[in-house]
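Okay, here's what each chain looks like letter by letter:
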Amino acid sequence: MRPVIPYVTAALLFGLGAYGVLRRRNAVLVLMAVELMLNAVNLILVTADTTVRAALPHSGQVFALFVIVLAAAEVGVGLAIVLQLYRLRASVAVDEVPLTEPPAGAPVAVGTAAADRPEASTTGHPGAPGGEAR
Amino acid sequence: MTGADVLLLALGAVAVGSGVLVVTTRHLVRAGLYLVVCLGALAGDYLVLTAELVAWVQVLIYVGAVVVLLLFAVMLTRAPIGASDDLDRPGWPAALIGGGAGLGLAALLVDAYRWTAVALPEAGTAERIGGEIFRSWVLPFEVLSVLLLSALVGAVILSRPDIGRPGAGPSSAARPDPAGRSTEAAR
Amino acid sequence: MNGPTLLGVLLPAVPLVAGLLGLLLPPSPRGPAGGRDAGEQRARRAAIALGVTGAAGALALAVALLATLDRPVEASTTWVDLGGLRVTLGVRLDGAAALVAVAVGAVALAVQVYSIGYLKRGPHDDVDVDHRYPPYAAQISLFTAAMLLVVVAGDLLLLLVGWEVMGICSYLLIAHDRRLPEAPAAAMKAFLVTRVGDVGFLLGIALLGVSAGSFRIADVLAHDHSTGTLTAACLLLLAGVAGKSAQFPLHTWLPDAMAGPTPISALIHAATMVAAGVYAVTRLYPLFEAAPVALTVLGVLASITLLLGALAATAQDDIKRVLAWSTVSQIGYMTGALAVGAPGAALFHLLTHAAFKALLFLAAGAVIHAVGTTLMSRMGGLRRGMPVTFWCTVVGLGALAGLPPLAGFWSKDGVLAAAQAAALDGEGPTPAWVGWLVWLAGLAGVAVTAWYATRLLLRTFLGTTRVPLAHPHDPPGTLRWPVVLLAVPAALLGFAGFAGAFADRLQPTPPATPDHPSNLLPAEPLVHLAPSVVLPLVLLLLGAGSAWIRWRRDPAADPAAALGPLRPVFAAAFRLDDVQHALVVRPARALAATVRAGDERVVDGAVEGSGRAASGLGGGLAALHRAALPRAAAGVLAGALLIGLAAALIGGTS
Chain A
1 MRPVIPYVTA ALLFGLGAYG VLRRRNAVLV LMAVELMLNA VNLILVTADT
51 TVRAALPHSG QVFALFVIVL AAAEVGVGLA IVLQLYRLRA SVAVDEVPLT
101 EPPAGAPVAV GTAAADRPEA STTGHPGAPG GEAR
Chain Z
1 MTGADVLLLA LGAVAVGSGV LVVTTRHLVR AGLYLVVCLG ALAGDYLVLT
51 AELVAWVQVL IYVGAVVVLL LFAVMLTRAP IGASDDLDRP GWPAALIGGG
101 AGLGLAALLV DAYRWTAVAL PEAGTAERIG GEIFRSWVLP FEVLSVLLLS
151 ALVGAVILSR PDIGRPGAGP SSAARPDPAG RSTEAAR
Chain D
1 MNGPTLLGVL LPAVPLVAGL LGLLLPPSPR GPAGGRDAGE QRARRAAIAL
51 GVTGAAGALA LAVALLATLD RPVEASTTWV DLGGLRVTLG VRLDGAAALV
101 AVAVGAVALA VQVYSIGYLK RGPHDDVDVD HRYPPYAAQI SLFTAAMLLV
151 VVAGDLLLLL VGWEVMGICS YLLIAHDRRL PEAPAAAMKA FLVTRVGDVG
201 FLLGIALLGV SAGSFRIADV LAHDHSTGTL TAACLLLLAG VAGKSAQFPL
251 HTWLPDAMAG PTPISALIHA ATMVAAGVYA VTRLYPLFEA APVALTVLGV
301 LASITLLLGA LAATAQDDIK RVLAWSTVSQ IGYMTGALAV GAPGAALFHL
351 LTHAAFKALL FLAAGAVIHA VGTTLMSRMG GLRRGMPVTF WCTVVGLGAL
401 AGLPPLAGFW SKDGVLAAAQ AAALDGEGPT PAWVGWLVWL AGLAGVAVTA
451 WYATRLLLRT FLGTTRVPLA HPHDPPGTLR WPVVLLAVPA ALLGFAGFAG
501 AFADRLQPTP PATPDHPSNL LPAEPLVHLA PSVVLPLVLL LLGAGSAWIR
551 WRRDPAADPA AALGPLRPVF AAAFRLDDVQ HALVVRPARA LAATVRAGDE
601 RVVDGAVEGS GRAASGLGGG LAALHRAALP RAAAGVLAGA LLIGLAAALI
651 GGTS
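Top to bottom, those sequences are chains A, Z and D. Counting from 1, one number per residue, gives the positions in the first sequence under full-length UniProt numbering. Counting from 1, one number per residue, gives the positions in the second sequence under full-length UniProt numbering. Counting from 1, one number per residue, gives the positions in the third sequence under full-length UniProt numbering.
Calculated from the structure, these hints are not laboratory results. Be aware that a few hints might be false.
Quick partial rundown of chain D residues pointing at chain A, CB under 8 Å, derived from the structure [as the list claims (entries may be wrong)]:
(1) LEU629
(2) ALA633
(3) GLY635
The model shown is predicted, which means the values in this text are computed figures rather than measured ones. For glycine and all other residues, C-beta sits at the position ideal for the given N, C-alpha and C.
Let's have the full structure, built from the sequences with the hints guiding it.
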């Protein structure tokens, strides 16, 4: 078994993930690219389990399991955030998220803004197409 | 070059190819489906590398749960079915960084391992991995369980804006809410 | 503390207390209109009482001091001991001090009484009542106290205190009339110009005190200073003297100070401020005598001042400015007498000048009070309406011009005789050419003085009335009596020079010690009746006669027209103000503007610029931090890549 093959596969996948995180505008696609990176790490961990003889056997695979659990949690929270963002702004484009403190009465930020301020949530972002327009 | 190497090469080619498609396709839904292919190929890789349990968990959790969640999210955000034009931003810094990271890591690893061969260890069956986890890694395991719980609670709170807001009683959930309405309409 | 010492201590204390109490009075009481008038009247009465009491008390004390003082008295207590320097609180009383104190007290009393009437309606016949009488009277009292402190001070620092208080009081009093646009500027000018001299005075005192190890005048006089120190100190002191006594080139403030009320002009010119410089020199005369260079400088300055003032007086149209320039000129006589080694003559002239100049100013104030203008071109023919004022002015002008047997004749003759002796016989501490200079300048000054005195008299009181004024009248009692009473010493004080006791007192005689014998004046008479007296008399007649002839020919014309093209030059006092403006004021202003611009642009710019740069930098950094997710992610990943690259390279090489 030539460990260089899965290693290179993992490296290329990690690069693809990084590229996707930076390239993609849609938050869901960004999350997918993050999954790619995480899987690349997993592949490295599992491959390293075959090449590196650790004091504890199968540590790499255990770590890979842990990372899978982490990824699950991350996807759960991340998707919740994405949905909330979509609910507030009717858009999931990550580069349209305002970062400055909005004027009083406007929604503050992702996840903390108020859904009980409907007039601000629809008029505060004129660039975003309305939900019914799509 | 053994059969394992051939398998690894083929699966790796599939994984990388579908990964490329994940980050370049202009169809949101297809991206999710290519991700399934990629993750499945990785699961095959794990199998070849004798990590049985990891492979099955990969299939169960990633392919079965995470990707399904992602596809749900694609639908909930009312993504168009066809090709979208506004998915990408100017790509040269992304290409630079992604290519740099991937090729740099690949170069490092190639330089480190060359074309050496190693013997595969004994298979990481559920019994062995379970024994390791509950013998050597039980504390991180418990911490992870707490992490999962808190992620669960956090996701619930995030998706329920009427929770934890001062002055927001049960009545506020019933107030007219265009965004909320549109979400419901999407459902 | 024996009698004379107590009197000497009380002398400045009484007007000081009166002045400080007067400052507590409300300048313009608040309240309803009726009560306000009543309150103001009450405050005014209290101020009058305080001022007159202070001045009268000072005069009484001075007279008592003069009567009881039979020999020089010195008393002091150590105030501060600064290492090798001793500062004392003390009085140093001699005959000259007592006489000058009497003059100060008398003039102050006259001015206080005169001000009651003069400021009632405000200067320039303004209907508006002067609401600021209490501080005015208090400031006069303080002024008097400061001058008396200078007179009796036994310590140079104490003298300096009085000297400076006079400066600030003159500033306040010149600026008293706030309705005059030029008054604040004139006050500022007086203050600044005298300050320039005061710096020199302060340095001179410091030099003397450090050299002698004590600031007590007796110690300073007794100490054997090195010639260089002495010359430097005396020259520095002369700067202060020139400032306070309005000597060239620091004389420019005095004519402008006419913006102050007329009684203040009388006070400043006659007895207090300008006399202080001359008096300070006589106090320290032994030092000056040992520094002939300083006396030579003084003689040159005195000659210039004397002629400059007299010539400038010829062309003025403002009656007060004529008198102001005549003061400059007369002070020139005094300093000239000091330069040729006759401090007695200088003090004598100081006393007579105090009498006749106070008289002239107060009489001029009466004229201004009656006519409502200070310009002589709008007066004329006032003799019929105001005979008392006229005759008093005649006495004063006669004394000013040196008409025998009035006071000014004797004292001026004393000065001229001393200068003549210095010139012809080489007597005196300075070279003979200084004597010649002072003598010739003095003689020329006699003629010019007579000319402008005659012109003043003719233009103001004789001839036809140029302004149809219904009833030019003699002033009321409070204004009249000080004038009339001052006419007496102005006329008769000269005869005191014949009295041996008077002459003896005027010679400044420090207590002679065996190792430091008094090498002061030999007991020479103050009054000379030599054949040379004829010379100034002839010049006097020449000057007065030429003005008179000119006037006879055309009573309506100004005799100053005879000056022809020189008239504007004289009127502008040889344009020295402009010279001063160009040489001092403009560069100083330019420097100030430059410094200000530098401060605003460079210093402030640096401060504000650093602040702006910091906040700009912070804003930039904040904007950098406020990156949207893609850019932040790109940054993080690029950073990780770079770190990894660096680790790979460094790890690979090592």
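Against the structure shown, which of the earlier numbered hints fail to hold, in ascending order?
-> 3
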